[in-house]
Structures are given as C-alpha cells and as structure tokens.
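On the provided structure of chain Y, position chain W as indicated by the hints.
Chains as they are written, first to last, in this note's numbering: chain Y, 1 to 328; chain W, 329 to 656.
If you are wondering where the hints come from, they were derived from the structure by calculation, not from laboratory data.
Only pairs whose alpha carbons sit at most 20 Å apart, straight line, appear in this in silico EDC-like list of lysine to aspartate or glutamate:
1) Y:K178 - W:E384
2) W:K548 - Y:D258
3) W:K506 - Y:E56
4) W:K447 - Y:D211
5) Y:K321 - Y:E285
6) Y:K178 - W:E386
One-letter residues, chain by chain:
2 protein chains.
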Amino acid sequence: MTPSRKWLAALAALVIAVAPLAAEPLSSWNDGPAKQNIVTFVNAVTQKGGKDFVAESERIAVFDNDGTLWIEQPIYVQFAFMLDQLRAAAPKHPEWQSNPAFKALLAQDKKALAEIGQKPVLELLVTANSGMTVGEYDQSIRNWMKSARHPQLKRPYTELVFAPMQELLVYLRASGFKTFIVSGGSVEFMRPWAEQAYGIPPEQIIGSQQDVSFAMRDGKPVLTRAPKIAFVDDGPGKPVGIYRQLGRRPIAAFGNSDGDLQMLQVTAAGEGRRLALIVHHDDAEREYAYDRDSHIGKLDKAWDEAKARNWIVVSMKSDWKKVFAFQK
Amino acid sequence: MTPSRKWLAALAALVIAVAPLAAEPLSSWNDGPAKQNIVTFVNAVTQKGGKDFVAESERIAVFDNDGTLWIEQPIYVQFAFMLDQLRAAAPKHPEWQSNPAFKALLAQDKKALAEIGQKPVLELLVTANSGMTVGEYDQSIRNWMKSARHPQLKRPYTELVFAPMQELLVYLRASGFKTFIVSGGSVEFMRPWAEQAYGIPPEQIIGSQQDVSFAMRDGKPVLTRAPKIAFVDDGPGKPVGIYRQLGRRPIAAFGNSDGDLQMLQVTAAGEGRRLALIVHHDDAEREYAYDRDSHIGKLDKAWDEAKARNWIVVSMKSDWKKVFAFQK
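Next up, chain Y with everything else stripped away, as it sits in the complex:
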C-alpha cells in the first residue's frame, strides 16, 4: 500500500466512523424498552474492544417480510397477486374448478386456506406461471405492483411497509450490519421492489423457490419457470434457507409469527450477544390487531418462546409513533 492509499483508507475509516453519529436513528420509535434494547444491543456489538464486539463481516441481520416489514392482512400480498394471476389463467385450467386450494383462494376463505397450508396454494401458483421466462414473470410482478391497491387502505402495497422497520434497517446498516430478508413468500415476488422499499438488493433475499430450467431458444439462453416448488422457506425451512444461501448464523433476527420461530431460535442460540425481536400486531386503529387466533400471521408458540427467553416484543401500538410513512 502506497502512502497515499494509506491516507485515503484512514480518511475513509474516519468518514464511516463519524457518519452514523450525524443521523437520527429510529425517530418513529417511542422511547421505551423495545427501542432501548435495540440501541443497547447495537452499541454493544459495535463497540471496539468491548466484550460483546462482533466483527463487521459477522453482523448479519435477518428479517421476515410479511407482517414484519410490511402489511400481511387481510391476505398476504402475494396471495392477492396470485388471485389475479389465477383468475387470468383459470380459463386454461378447467381442472382447477374442483381444486380445494383454488376454491378457497377465490373465496378468500382464510380458515380453509390456513387448513390447506402453504404448499397446495404455492403449487397452484407455480402451475399458473410455469412456462414463463424469468424475465416475463418479473415483469408481471412489476406491472401488478404498480396497479394493485390494498382492499381497505386503498394504497399501493409499497406504501404499506412499516416506517419504523425501514428506519431500523437503515440504522443497522449504518452500524455495519448486512441486512437480509428471509420470507415464506417466493423470492421472485420480493426482488422487484425490495431494493427501493428496504434498501435490500435481490441477492440478499432468501425465500421460497420455484424450479427454473435452462434452455437455448432461437440461439439465446433462457430460464423458464417449471411447475415445481424447489424449496419452502417457512418455519423450520427458514434456518435451512439461511444456511443454504447465507452460510452464517445471523446475530439478529426479526419476525412476527410462528413461521419465524425456528429462525429466531437459531439466531438466539448462537454464542455471544444476540437479538431476537417479534413485532406484535396490536394496533387495530392504524393497522390490524391479531395474534394467537389469526389464520394469517398466527403468533402463538413464538410469543410464548419470546416471553420465556426474554426476546423483545414490539407493540406496534405503543412502541411506534406511526406505522406507515404517510401517517403523522
């Protein structure tokens, strides 16, 4: 390293060290134990020479998406997308008329959907979009996200991300963390908009996977969607997805439902200081209120575990000044 590079490196280090101090992190969070615990954790793992210091390369934070980073009621956003896709594809699939998952989806029968589970529903989706190239599928998601509106809040879904969680993502990255999404939803559904909404690039999104296959078509290589689910990234699948794609144990995990339990357990079980946090939807006025009895985003076992293990439970009602950026 020449002297000039040394000087530049020192300068860069200074800039990086000073910049976060100038920011005002977590401004949509009320000063309560949740915010305090987050800040205490971040200070502990970033303090050089401190007993809880964690090297930057190991500062991995994983976030569930539905219900943790954005809205998931009255149905998962991807379900709303699927419904529109299925309606469009239904004329070509008369066999769907007798398919329980198809009927439950069209009727938006939450109870039946919860009983049927994620896999048969995902199977319908993969059939609906199989044969599309990955580029065509990506475009269909982009188009839908532009025109779709939430049935009650009448806003584009990308406005229904949680402002306090966006701030948390920014705060963690400013503190040297690398942030990942780990979602039960399909990875392709999140990639087109997650970078703008969360600052998380496509390669840092872990999700359920549909098979794709390579072929040459008119002398050009294409990837085409196949009617098969390759991986379901939910519940016990989440730590598996993290292992496959990330290859390190996170030191911080953020979820809101029983589907996040194993991801939180694996994160919390690592050596050294760890952060496990659950967002509790208790704000019927500004968003929704649901937990143990909900068909979507059921929070039951993970809540008990949070209490037993002293994980942070965020009350959307009392810990957040606002839920969405458009609220005052």
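Only chain W this time, still in chain Y's reference frame:
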C-alpha cells in the same frame, strides 16, 4: 440530511473515487490483449456518463472456482477431501465395496469418474457426512484444509489459488463490482477458506447443495446434514443457481471448462457491455496443460463458443507472469 452529513457523504464519494487510482491492478498480468480487454471493459462500465456505464448495484461478476480461481488437477480438491472422508467412513458402509463410484474414487480412475459423472460421486459424499451437524461438517473441512497437501506441488491447497485471478477480484471490487463464486463443488466446502483466499464472503458463494434439516436437540436448535443432494450447480445448473441466489444477470463471468458454458452464455447474452472470459490451462511447467481431452476441467464446447463469440481466452502461459503467489 444535515449539512454535516452532506459534507461527509461528499468526502466519502471523493475517497471512493480516488482510492482505486492509487492501486496498481493486475500486476501479475502481462500486457497483452487479455489484460487490455479486461481493463477496457472495466473502464467502459465504470465511466459515469459513458454509453456503457453500469450502475454499481448491477456490477455483478461471477467466477467458477475449480480451475478458474485455484488448481483442479490431478483431481478436484474436493475429491481429495472426499477420498479422505470416504476412507474414514468406509468401515461403516460395507455396501460401498460394490459401488462403481466408490471404486473409481479410491483408484483415482479419472476416466471412470468422468464417465460416472458428478452426481453418483456427490451421493457417496452426502452419505458419508449425513447425520453430521453443519457445524461439525464445517470443522471437518477446516481441519482437512490445514493438514492436506497437493500430491505433486506439496503445498496447502489454499496456496494453490491463482495470483492473477486474486488480483482480478481485488481490481473488480475496487471498481465497484460485487464478486461471487459459482461452483459445481459444494457450497460448504468453499465457505471456510474462500473469504481469506479470495475476499469472497460465505453469502456470495453459490454451489451444489446438500439437504439439511432443522431439529431441536437437548433444547437447542441444530441443522443436520441429510443424505440427499438438493441442487447440482454445474453446467445448465449454474445459471439456475445464479438466478436462485443472486437474482440478477451478471455482467462479467469467468470460467475454464464446459461446465461454465451456460453461465458464460447467460452472462454474455445480457443487454449492454458484457465480459466473458475463459482461463486456458496451457502451462505444463508452472501448473498443468489440458483442454479438449481432459477428464477434469474439459474445455471443448466452451472453447469453440469463446472463439465464435469473441470471448477472452486467457493463456496461463503467456498472459500470466506467475500462476501462484509463491512463484517469482
């Protein structure tokens, strides 16, 4: 943004802009068309306002590992590891005595191994290490890498990475690229040492995958290896692995054999300026010389494609001043 943050951001931008100029990139590369083409490409995609400019987030470069970043003769390094693992596990598996892949491996019968293909060989390996936790497996790789030596060069394998390619990785990252490994080998085999050898962290390694499953053991969550291959990241599997994990089309790809053909094709077929490069092993004195007739790292179809499409073909003999860092 407060004025002080603005000032810091401007300073950071300046530091980032100036720093690469101070480095001396690709010093182990002779001044020939290969080096010239690489530098011309990097200058084109990084020149702001230029017609070939590519935003930093899209500057994705993918590298094959075996034969592209490190040695792959006389057998893939992972095969050498597997042999030791299989020898250790053989007493517990009398059924292997009649398994063609096992026999070919122990005899190091390259011809038979090439005919058998990668899958039966990987299947043996996954059986040998199934039941191990992912932590135990990781440790077994670390231990082996410490003690193992190349049969001819008598050095640890981590010294047998190609110095010019290490420089290329550094040069690309200094130019705003994000660098990934995309290997037919298993992802876990590379993670323990790739960060030190290449500066590539675990989450930027794409490779073949073995199933792992989640379980609670004595109240603690563990991931255990299952005797099943989940994904083979070779040939047409490489663009699929890139799509699954990375979600963007790379703008630069580096390989050395027919197993890299589809990855190179997909990369080269993208819009805008692209770089596709093949390392040709033609240096029997400093490393090995092999191509169309080799059982390992066969370079045949990809070579024809490289010639037809004007991809860069690097001659290790004439383009590189040295192959390994320990050579003068």
